[in-house]
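Asks: For reference, the chains in residue letters:
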Amino acid sequence: MIGATPQLKSARRRGELQGKLFQAFLYLSIAVGLVTLGTLVVQVVIRGVEFVDLVLLLESPSADPQIAGARPAILATIYLGLLLIAFTVPIGVGTAIYLEEYADKSRWYNRALEVNIQNLAGVPSIVYGILGLAFLVRGLGLGRVLLAGAMILTLLVLPIVIISAREAIRAVPDTIRQGAYALGATKWQVVSRQVLPAAVPGIATGSILALSRALGETAPLLLVGALTYVAFDPTLLGDFTALPVQIFQWTVRPQEDFKILAGAAIIVLLLILLTLNAFAIWIRNRYQRKW
Amino acid sequence: MATRDLLIGAEPVVRLRARRRRWSEDVIKGVLALCALLSVATTVGIVIALFQPAFEFFREVSIVDFLTGTEWTPLFDPQSFGVLPLIVGTISVTLWAAIVCIPFGLGAAIYLSEYARGRTRKILKPALEVLAGVPTVVYGYFALTFVTPLFRDIGLRVEIQNALAAGIVMGVMLIPTVASISEDAMSAVPRDLRDGAYALGSTRLQVATRIVVPSAISGIIASFVLAISRAVGETMIVLLAAGQLPNLTLDPSETIETMTAFIAATGQGDVPTGSIEYMTIFAVGATLFVMTLVMNLFSIRLVRRFREVYE
Amino acid sequence: MSETESAPVKIVDVSLDRLLQPERSARSSVARETVFQVKGVSVLYAGNRALDAVTLDIYRNEVTAFIGPSGCGKSTFIRCFNHMNALIPSARIEGTILFNGEDLYGPGVDAVEVRKLIGMVFQKPNPFPKSIFDNVAFGPRVLGMKDGLNERVERALSQAALWEEVKDRLKSSALSLSGGQQQRLCIARCLAVEPEVILMDEPASALDPIATSRIEELMHQLKKDYTIVVVTHNMQQAARVADMTAFFSVNQGAEGQRTGVLVEYDTTHTIFTQPSDKRTEDYVTGRFG
Chain A
1 MIGATPQLKS ARRRGELQGK LFQAFLYLSI AVGLVTLGTL VVQVVIRGVE
51 FVDLVLLLES PSADPQIAGA RPAILATIYL GLLLIAFTVP IGVGTAIYLE
101 EYADKSRWYN RALEVNIQNL AGVPSIVYGI LGLAFLVRGL GLGRVLLAGA
151 MILTLLVLPI VIISAREAIR AVPDTIRQGA YALGATKWQV VSRQVLPAAV
201 PGIATGSILA LSRALGETAP LLLVGALTYV AFDPTLLGDF TALPVQIFQW
251 TVRPQEDFKI LAGAAIIVLL LILLTLNAFA IWIRNRYQRK W
Chain B
1 MATRDLLIGA EPVVRLRARR RRWSEDVIKG VLALCALLSV ATTVGIVIAL
51 FQPAFEFFRE VSIVDFLTGT EWTPLFDPQS FGVLPLIVGT ISVTLWAAIV
101 CIPFGLGAAI YLSEYARGRT RKILKPALEV LAGVPTVVYG YFALTFVTPL
151 FRDIGLRVEI QNALAAGIVM GVMLIPTVAS ISEDAMSAVP RDLRDGAYAL
201 GSTRLQVATR IVVPSAISGI IASFVLAISR AVGETMIVLL AAGQLPNLTL
251 DPSETIETMT AFIAATGQGD VPTGSIEYMT IFAVGATLFV MTLVMNLFSI
301 RLVRRFREVY E
Chain C
1 MSETESAPVK IVDVSLDRLL QPERSARSSV ARETVFQVKG VSVLYAGNRA
51 LDAVTLDIYR NEVTAFIGPS GCGKSTFIRC FNHMNALIPS ARIEGTILFN
101 GEDLYGPGVD AVEVRKLIGM VFQKPNPFPK SIFDNVAFGP RVLGMKDGLN
151 ERVERALSQA ALWEEVKDRL KSSALSLSGG QQQRLCIARC LAVEPEVILM
201 DEPASALDPI ATSRIEELMH QLKKDYTIVV VTHNMQQAAR VADMTAFFSV
251 NQGAEGQRTG VLVEYDTTHT IFTQPSDKRT EDYVTGRFG
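Residue numbers (the numbering used here), protein chains in the order written: chain A, 1 to 291; chain B, 1 to 311; chain C, 1 to 289.
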């Protein structure tokens with residue numbers, strides 16, 4: 001082509017410049033997030049790694065940062081995790097089955113139920129803490145105990161479990177259900193023998209991700225129980241402190257060493273969550289069926 | 001093979017009725033419905049837990065004084081119950097969070113939706129999601145122990161606890177929220193719209209900003225609103241990095257207290273049940289709940305609308 | 001049309017003439033047992049009349065085909081026979097269907113009992129994501145027929161002409177079978193509960209011609225022991241397999257609503273060679289469809 005006219009050239013260059021600037025901004029957008037994440041991880045690891053040792057894992061907290069450990073907090077986090085699975089999976093999956101297979105969608109109360117669950121997913125976590133404080137700790141007189149913490153965290157992440165279980169159930173093709181009904185199966189037989197088994201990978205993934213979210217929560221536990229100084233192992237109806245709360249409490253101490261200790265505890269927490277998430281992703285990749 | 005009776009003229013043999021009533025199916029349906037009712041009970045519980053003590057609070061403190069007063073000293077003498085410092089503190093932090101998460105979140109979404117190739121996308125999208133998965137207490141720790149000292153090192157005169165560090169870190173945490181919902185909205189825009197524009201000679205910038213974003217605008221706005229709602233309700237980052245000092249100022253370098261930080265700090269303590277100080281937890285909690293509820297309802301509406309348009 | 005006139009026989013193509021053997025039309029004079037008596041059945045979806053006032057009888061140990069253009073309600077109609085329309089909350093049925101003299105929609109009728117006696121095979125093969133054995137055993141298991149499960153499965157698979165191909169890999173996944181094999185598996189699944197009637201909703205439309213002809217062969221064999229009702233959009237298929245054929249068409253209402261109606265029901269031979277209704281004639285001669 002013979003040389004482009006001056007007008008075409010300058011318009012093109014202007015357009016190019018604009019395009020390049022815009023693209024730079026887009027790259028920056030992605031970079032901001034990733035760089036921050038990277039910096040955070042590096043900072044935490046550099047700071048805290050020196051205190052990551054068996055003392056951290058096996059000892060109880062103490063006023064002396066050199067001998068303080070996070071064992072009660074780690075144990076409490078593990079117990080909370082187990083209780084959470086026991087509570088959220090049956091109730092969450094049960095709710096999801098009701099909404100997807102049994103509820104008549106044309107009824108107003110079933111649609112209100114759906115909106116309600118969506119709203120609950122957006123309520124600030126501290127409000128769940130208030131709920132726990134009012135009803136469980138002071139109202140029921142349960143006190144600031146591990147069970148109360150587990151119950152409140154259950155309510156907090158239940159909407160997540162419900163929503164992901166619903167998606168997993170919905171993904172099961174309708175032709176499977178029709179085939180099963182045509183053979184004379186009752187609704188519960190169709191659900192329990194065809195739909196649920198096929199939806200298990202999706203449900204498992206969703207539940208584990210919800211669990212991971214719950215184990216990182218601090219605010220509700222502050223209100224519901226985790227105390228400032230817990231030096232003994234947690235029991236169901238006893239005082240407790242969880243790992244995120246322990247991190248918080250060490251961070252606010254003035255001594256620099258406690259801040260390092262907090263960093264070490266963060267490393268432990270992040271490792272736990274990383275393992276859970278990796279497990280969830282593995283399940284999804286290995287067992288998820290492409291219909 | 002089933003036998004067939006051929007009694008011509010006699011009553012037809014009834015074989016289509018169930019031999020016994022399947023009550024087990026009804027029981028199962030009842031149990032499942034009960035599970036679903038728990039979510040209703042939760043909402044009812046939240047409403048009662050917040051508003052009953054809040055009403056009692058407002059019998060002693062006038063709601064006008066509460067919403068317009070500029071001094072918040074419920075735990076000291078003389079007591080003052082003007083919640084504005086807390087609200088302003090929340091707004092101050094949220095403002096900075098929005099300044100970060102809205103442009104960069106949208107930028108990330110546009111990049112993932114219009115510019116990135118399949119493999120890059122497959123890696124970057126989950127990487128951004130990791131940002132959303134980091135516990136908030138870790139972000140608070142990061143803001144307090146790294147970001148604030150960094151600001152001071154580069155010459156910004158900020159207090160040890162300040163709104164700016166908290167707001168910016170919170171904003172970064174919310175980038176994935178804005179990015180993933182906006183990107184969902186943008187990928188729902190049909191290919192043909194883009195192809196038509198490209199065929200007319202548009203650049204990627206033009207297609208993205210003039211075609212895709214406007215078509216996906218309700219989903220994009222929904223993502224902004226949701227992110228802001230989360231910023232308002234966030235506790236740990238502000239508790240650690242923004243402070244616990246009620247301060248009616250929008251100056252980001254100063255220490256402030258947000259609504260959430262107040263609730264966390266006061267709720268931890270041993271304030272006697274039923275006292276006016278105890279009730280402040282619920283009054284502030286109710287205010288917080290109403291604010292986030294309105295924003296969430298609005299954004300749910302918007303998301304439903306954008307989903308309907310293209311499906 | 002008067003029978004004394006030597007009206008020319010209207011045939012679609014020569015091959016059809018070969019298919020319509022004389023024995024078939026002779027059957028109409030043999031006394032048959034009625035399995036289904038359909039009287040004035042209409043189906044409405046949320047107020048829309050999808051099917052209007054169908055009346056016909058289905059006879060035992062015969063293959064009855066429903067043919068017609070798309071949207072004429074034949075799939076809707078066949079689903080009335082095993083209560084599958086009940087799975088759609090907005091569906092309503094008017095009229096009566098008697099099954100061996102019993103009202104199919106009478107008070108207290110249990111859908112499970114109905115489906116035990118009246119089975120269905122679907123258009124797209126829908127094997128469960130389980131082993132071949134578990135697929136065929138699912139029906140008996142949920143219906144409480146626990147005894148002799150292995151024999152039952154073998155018998156069903158043999159009747160569906162699939163046993164030889166899978167007998168050595170009963171535990172392997174059903175999804176590893178080819179399309180035609182999967183559909184025969186679905187038929188075996190249906191046979192395992194020993195129904196009286198087998199409904200087939202376009203059973204071969206998703207299959208290649210070889211698999212299709214195997215299914216059609218199967219229909220010939222199965223009708224000795226079962227009553228078969230099949231929906232098909234393929235006229236030649238109906239001519240090949242069916243003893244009786246019902247032709248449905250679409251009526252367009254004033255506001256554009258489409259309602260299916262039964263136009264003509266007679267022996268297959270009659271429908272294809274001497275249809276009484278012009279619409280039937282137009283359809284089978286390919287003037288529209």
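Since the hints were derived computationally from the structure, they do not count as laboratory data. Each hint should be verified, as a subset may be incorrect.
To be verified - Mimicking DSS-like on lysine-lysine, the simulated pairs with C-alpha atoms at most 27 Å apart in a straight line are:
id, chain 1, residue 1, chain 2, residue 2
1, C, K130, C, K146
2, C, K39, C, K167
3, C, K146, C, K167
4, C, K124, C, K224
5, C, K171, C, K130
6, C, K167, A, K187
7, C, K39, C, K278
8, B, K122, A, K187
9, C, K130, C, K39
10, A, K187, A, K105
11, A, K20, B, K125
12, C, K167, C, K130
13, A, K105, B, K29
14, A, K187, C, K278
15, A, K20, B, K29
16, C, K224, C, K278
17, C, K278, C, K124
18, C, K223, C, K278
19, C, K224, A, K187
20, B, K29, C, K124
21, C, K171, C, K124
22, C, K171, C, K146
Asks: None of the hints should be skipped; say for each whether it holds.
Replies: Each hint, compared with the structure:
no.	hint	verdict
1	K130(C) to K146(C)	holds, 18 Å
2	K39(C) to K167(C)	violated, 44 Å
3	K146(C) to K167(C)	holds, 20 Å
4	K124(C) to K224(C)	holds, 25 Å
5	K171(C) to K130(C)	holds, 9 Å
6	K167(C) to K187(A)	violated, 31 Å
7	K39(C) to K278(C)	holds, 24 Å
8	K122(B) to K187(A)	violated, 39 Å
9	K130(C) to K39(C)	violated, 40 Å
10	K187(A) to K105(A)	holds, 16 Å
11	K20(A) to K125(B)	holds, 22 Å
12	K167(C) to K130(C)	holds, 16 Å
13	K105(A) to K29(B)	holds, 15 Å
14	K187(A) to K278(C)	violated, 45 Å
15	K20(A) to K29(B)	violated, 59 Å
16	K224(C) to K278(C)	violated, 34 Å
17	K278(C) to K124(C)	violated, 33 Å
18	K223(C) to K278(C)	violated, 31 Å
19	K224(C) to K187(A)	violated, 33 Å
20	K29(B) to K124(C)	violated, 31 Å
21	K171(C) to K124(C)	holds, 23 Å
22	K171(C) to K146(C)	holds, 18 Å
Violated hints, in rising order: 2, 6, 8, 9, 14, 15, 16, 17, 18, 19, 20; the structure is consistent with all others.
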